[in-house]
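Trainee: The sequence shown maps to residues 6 to 226 in the working numbering.
Nothing false has been slipped in among the hints.
Subject to a maximum C-alpha distance of 25 Å in a straight line, what follows is the list of computed SDA-like cross-link-like pairs (lysine to any residue):
| no. | residue 1 | residue 2 |
| --- | --- | --- |
| 1 | 125 | 101 |
| 2 | 156 | 52 |
| 3 | 26 | 36 |
| 4 | 26 | 170 |
| 5 | 125 | 102 |
| 6 | 156 | 11 |
| 7 | 156 | 95 |
| 8 | 26 | 60 |
| 9 | 205 | 166 |
Read the hints as simulated data drawn from the structure, not as lab findings.
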Amino acid sequence: MAGLQVTTEPTAEPLSLQEVKEYLRVDDSTDERVVRPLIETARRWAETHMNRSIMSQTLTLQVDAFDELAEPLWEGSRQRPADLNYYKRYISLPRPTVTSVTSVSTFNDSDTETTFASSKYYVDTAREPARIVLRKGETFPTALRVANAIKVVYVSGYTNAYSVPEPIRMGMLQHIAFMYEQRGDNVDYLQHRELPRMIKSLYAPFVVYYGLSGSPLMQLG
Numbered sequence: 006m007a008g009l010q011v012t013t014e015p016t017a018e019p020l021s022l023q024e025v026k027e028y029l030r031v032d033d034s035t036d037e038r039v040v041r042p043l044i045e046t047a048r049r050w051a052e053t054h055m056n057r058s059i060m061s062q063t064l065t066l067q068v069d070a071f072d073e074l075a076e077p078l079w080e081g082s083r084q085r086p087a088d089l090n091y092y093k094r095y096i097s098l099p100r101p102t103v104t105s106v107t108s109v110s111t112f113n114d115s116d117t118e119t120t121f122a123s124s125k126y127y128v129d130t131a132r133e134p135a136r137i138v139l140r141k142g143e144t145f146p147t148a149l150r151v152a153n154a155i156k157v158v159y160v161s162g163y164t165n166a167y168s169v170p171e172p173i174r175m176g177m178l179q180h181i182a183f184m185y186e187q188r189g190d191n192v193d194y195l196q197h198r199e200l201p202r203m204i205k206s207l208y209a210p211f212v213v214y215y216g217l218s219g220s221p222l223m224q225l226g
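Turn these sequences into a full structure, and let the hints guide you.
Mentor: Listed below in structure tokens is the structure:
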């Protein structure tokens, strides 16, 4: 099982307060205390919905082991040693877009941390989710502790607001407008409990769908 934490939050948001006020047609500072939190709220919701980091942030991924939790799908019959493990050669990194890997480290049963040399792996950012792939002839360490044995620290997200795709920014603006207009005083709660379909449609091309190799429950590919 894998755990993912944001260890360094973004230092900026993809939308400025002024941009949002203009979109909402708010002319003065009366509602700024109401509008400002909506920007971060919309960004966090979008990141969760898309499984994608929007603004640059540092993430820490921890997984239990390098070997598979279950055997690969197999059709037909076969013969092999009963204790043979299927070792994977890459680790999937959730929440693209990954811009850099800071470190990969392992822990033994005494909780001693050891850095895994960057010369032993290649960071594949050409696909989503990105991967840490073993180079030819290299192997992952063994004799590790039973839980949270591998830690990967990496940076993910667009470098600035101008590099965030416009459909994501527009989706956030519409989400903020929706929350601003529905501040607990709507008559039909059931009608407004979900986001309008247009907002999800704007996010749709950027959603990362995890398969077995990228599943939050199986981060090793």
